[in-house]
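Residue numbers (the working numbering), protein chains in the order written: chain A, 1 to 435; chain B, 10001 to 11020.
Certain hints may be false.
Said to hold, decoys possible - Not everything, but these chain B residues come out facing chain A in the computed CB check (under 10 Å): (1) Trp-10094; (2) Ala-10226; (3) Ser-10544; (4) Ala-10548; (5) Ser-10549; (6) Asn-10782; (7) Val-10858; (8) Pro-10860; (9) Val-10924.
It is worth saying that the hints were derived from the structure and are not from the lab. Just so it is clear, CB atoms sit at the ideal spot from N, CA and C, and this is done for glycine as well.
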Amino acid sequence: MKSVGLHSRLNTLFIKSITVLFVFAFSISAYSQDVDEARQKEGKKLFKSLCASCHKLDKKLIGPALSGVEERRENDWLKAWIKNNAELRASGDAQANAIFDEYNGSNMTAFPQLSDQNIDDILYYTTVGEIKKVASAAEGVAVAGETSGGAPEWLIYILAAAIVVAFLMIASLLKQVNELKGNVAAGETSDIKRDLHELWVGVKQNTFLKVLSTIFLLLVGAYFVFGTIFKVGVDEGYQPIQPIAFSHKIHAGDNKIDCQYCHSSAKHSKTSGIPSVNVCMNCHKNISEVSDDTVVELEDGLVLGKEQLDLEIAKVYKAAGWDADNLEYTGETSPIKWTRVHNLPDFVYFNHSQHVTVGGLECQKCHGPVEEMDELYQYSPLTMGWCIDCHKETKVNLKGNEYYAKIHEDLAKKYNVDQVTIAQLGGKECGKCHY
Amino acid sequence: MASNKKYWKSVEELKDSPIVETLSKNEFVEEIPTDEFLGDKETLENSSTSRRDFLKYVGFTTAAASLAACEGPVRKSIPYVVKPDDVTLGVADWYATSVADGYDFANVLVKTREGRPIQIMPNKEADGTTSARVQASVLSLYDQELRLKEPAKAGKVISWEDADKEIGLKLNELKESNKPVVLLTGTMASPSTDKIISDFIVAYPNVKHVIYDAVSESGAADAMLAMYGKRVLPNYHLDRAKTIVSFGADFLGDFHGGFEKQFIVGRKPETGKMSYHVQFESNMSLTGANSDKRVVVKPSDQVFALLNLYNAITGSNVPSKATAVDADVKKMASELKKAGSKGVVLTGLNDVNAQLISLEINKALNSEIIDVNNTLNVRQGNDKDVAELISGMKSGKIAGLISYNVDPIYTLANSTDFSEGLKKLQLSVALSTENNETVNASNYVLPTPHFLESWGDTQFDEVTYGLMQPTIQPLFNTRQVQDTLLKWSENTTKYYDYLKSFATTSVLTGSSWNTALHNGFFKKEVIEVVESVESTVVISDVASKLAASAKKSSGFELNFYTKPGLGDGKQANNPWLQEFPDPITRASWDNYLTMSISDARELGFSNPVKDNGAIDGDYAKISVNGKEITVPVMIQPGQAKGSIGIALGYGRTFGFKKEMQVGVNAYPLYANGNNIQYGVSIEKVSGTHKFACTQVQKTIAGRHDILKVTSLKDYKTVDPKDHHHGWNKPAYVSYDHNEVEANTIDLWDEHNREIGHHFNLSIDLTSCTGCGACVIACHAENNVPVVGKNEVRVGRDMHWLRIDRYYSSEVETREEAKELGLSRGDMYLALETEAENPEVTFQPMMCQHCNHAPCETVCPVAATSHGRQGQNQMAYNRCVGTRYCANNCPYRVRRFNWFNYANNNEFDFNMNNDYGKMVLNPDVVVRSRGVMEKCSMCIQMTQATILKAKKEGRAVNTDEFETACSSACTTGAMVFGDINNKEDKVASLIEDKRAYGVLDYLQTKPNVIYQVKVKNTNEG
């Protein structure tokens, strides 16, 4: 089995904050032309909500590309077509019927609810398109990305400094003692090397100091040994590189897709399930590219812009066997090999549905702010202590659950509480998770 | 009456052997082999590894291990591209289907996880039952070594198109020249397949269909044909029977597919009525072990006893002979007459004449227990046709053979005739799921799917029409036999469509196909009633022929039998079944010659117990009709003197790994499908056989109240707690020099058990037949590893659930023997005489989940602890392997992982290959080396039931809780549930007057409760 080193969260957090600062400083956006921004915005909104599932500006989807459609067709004809294309075709309009035949007789939805103003706004949007931003922000990011500042494990350094200071203090004390004893001629110039030598000699001579420093060294040693040992197998912050630069931030954060839309088995099963590619295709059949200003920041400082991200979507198409040009499935699929982020040992039984459906927990409780993560990492330590702590504190969610009715009443009486915790219900028993 | 029985587990115990004495005191039968790795001084001195080297190695490995541990392995997750709608990862799907492999037939439910079948359970709606073999057949699906993967011609891979073309040409050529071709299959019991075969025969009139069962019951079918004009097996409704007399019919084993469910329905003491079952037999069978009275009689005498019974009942006077058991026969004749239509006689002799006599007796009794209308189709083999086929092949008359899932070269007595004949054929095609010798000798090999990958229908009896549906995508490049035959008959229909239209038009009578498929069966309402055919059978002829067949000859009488584990040997490569101990001898991984104690003494055979608890055996060369085999001898209490027994189905080697090549093939002696062979000579030959037998390893150490048995009369009339005659007396212990009831004093504090669920498993010893389906169900559910013959031999078997078998004899206890002035030696001699026919009791034994568990008290790391729901929990990741718990367990149910049994070439069984691992239950961990494990009371199942209720926001339903063993139990002996739900069946069972806890004087308060065994001694 292959092994990879773990990214350290502390390092990346530091880089990130600096990056954000830089981005903030440089992101002064400027618009290119004099465009009626309000109209464009209104038009874009309507376009996205009504038209985008079948049309794109620059590419054929289910219907034709609409960029510059105003130049190709009469405004009145367009209005008639959009409001009710079937009627227009029925009236024997040659253009309408030609279009209909060109697209193999697929019906376009009628939009009688749209006012002329609405349609004009949409058409305005198709003409002016997206408003381009000046690329300075992206440059700033690129610069920031290269600025690397290793995060000091400050605690350790402070400790080390404290130790050095303590030794120096002892050294100076010893020196003074020696001087007072008259062992060394006063007024002699001293350098650090000599100080240290004197310290060493002093410690060697003084039994109390010998014992004290041995104990001290042992304690420091134990601190580091135990610190290391207890971290073995705890992969908090584990952030493997995934085959596709999938961003939870874009999906769950920006677009507010419900976690369980994709991880649908979390409410039914022990596993939350990595969504099958056909779930991706529910949306990505129509979303073949990201908007121009979409950015995904990876942990190693790499920033992916539109060009790279569109290639990532193409990877989904390849997996699903979707021919984006001819808009059809080829049948040649290749499943995506994701790297698992959350790994529990085999001897632990964990069930998502118990926590999601029965307990009513938010996914974020254990998985952290996934909606802010461009690249997913393991938020919680997933250690047994971490599980147990939560079981000890959390009160059982009784809402409308007949199962708990009697057992809770009895237990509440036994423990003399209003609402029992999961541990009191038996959630601390070994056999509940280990079988 | 229970008190003056002595229970014992092996013949050696009766000899008062010092080894057994020592073993009973040892917790682990074998010393920890420190010498093996420490060695002696000499070895150490010769070793090239110095102390410094050793330290270097230690240093390096420690450093390497700690470095390696710092980084976790990278695990990949590969989701579906398009997820099927009915699959939710992590949630099991159940499918109703049928099992039909030619020997085992059952309506079952199959549990699948992520598209893989992982467990088989009985389809209780269809009255389905599962045996150990049916349970284990899910593992045979994943048999990497034996499953055929590609079509082949003369050993070279060939495409299906080419194979079809070439075979089609040859078939047509043979048709034109009108040369006979035989289609040789086992029993399929499939109406649609029968139709396809008859269509195939219409297309190729030169084809003849011959049905061949390796273990034949041809005699019974022929008798039905002669008497009722239908070549089927009669059905027996033993649930309604009052008196059952069986002559060697192992009807709780494989006789006609088994009747254990019906038999036990008629034996519920609560109803106040139990059938009275008397077994006349020579081998100790499962049926004999469960009988009310077992009469030991060798096969030739069984024949005359049957004739004498016929004479006694009908008053006729057919020629017979006096036997030693005539008194019992006479008694049974009057019992049967008294029972009238509620009486029934069965015989296991595979002889048409014996079967005719038994049918005639049942006719004379006007028995309504035997059913000749709703008959059975599970053994259709025809010995006469098979004999004709072989002579035809030998003489060159037959030109072609198409075989399907049969292996005559292994199973025929005259297999050399068959394999020589096979070479003369112009066309030999083997359609088979598994590789075997016949497949290897055939020219064309066409792989067929396992029944868990197939479509199909079944008709085991006349009422239940079962359907078979695939539960997994075909693993290999296979095609169903039905598709092949349809193709060769120039029929372009797919078998699935054919089956669907066949079922809808001729069976379902308007009901929905989808419903039938969902349920897995369809109950027909109308059965054809057999017109009483004018029988041409002349009983006097039949009787004299029968009497002649048993003509006395010198030498032993050999009685073949099949074991609940291996049956006819079809699944001999299944490690679960090989490791499954025989219910009677408790030996696994072997077959052997069973011999009576006195014969063994005369011939000088013995079964010495080694100091590690394993037993050895001597070899015997047995010969009959010029054929001889060498087998180890196992002394079997209850074996008829002058008779010997041997199990079929062992000794298969072709394509098997070395560790699976166990036992001796007895088929060469099984001439003409006759399960009795006369005139067998036995010669002791040199050599010692090492048995893997667990019977002595766990002795009962003098604790005789483990078992409680009473008679139906006492059950009804005597107070169970009566101080003198009670049959379920509470235990007494000495406290302050006073005798007090054990439950008044306790070492432990009482827990509060009122809140939430409190699980309990009730085991009815009256209903348990010892069949062992639960053992295999436990294997499948809990990922119990297979450890192999050598490990079982030294007492390291891993079965979480074992079925203890106790022999008992109605003799004096030590105290009474003293009173009678018997010396110790005399007492054991008396016992040994009794041991010629002991009573047998089975007791499933698993972790008793004591509320006051001795194991929990001694664990230094608290790895085993008690749950509020009553389960004794074992946290494997916490266990450090001190084994104190096992040492302190009075029930000896804890199992220690001496090795890693998964991914270990030393244990090359199913957990060591990718196919075999597909059967593992993903909800249960595979334990690693150095930890203790044991029955968890299927905590993964109880937790899943609770979670289901929680998700649906309801309380758990009555009787919703199940364990693997309780759901597999055919007879309902095991009942699992929550005693805090007063509606649950188990809540009343724990209060039953038959309920008792094993070793109750220890006050461990187990959550497994046994129900006293009740036998019908036919008194009063």
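Against the structure, the hints come out as follows:
1. Trp-10094: Interface hint status for B:Trp-10094: violated (15 Å vs cutoff 10 Å).
2. Ala-10226: At about 57 Å, which exceeds the 10 Å cut-off, the nearest Cβ of chain A leaves the hint on B:Ala-10226 violated.
3. Ser-10544: violated (65 Å)
4. Ala-10548: violated (63 Å)
5. Ser-10549: Violated. Min distance 57 Å.
6. Asn-10782: holds (9 Å)
7. Val-10858: Because about 16 Å separates B:Val-10858 from the closest Cβ in chain A, which is outside the 10 Å limit, the hint is violated.
8. Pro-10860: violated (15 Å)
9. Val-10924: holds (6 Å)
In summary, the numbered hints that this structure violates are 1, 2, 3, 4, 5, 7, 8.
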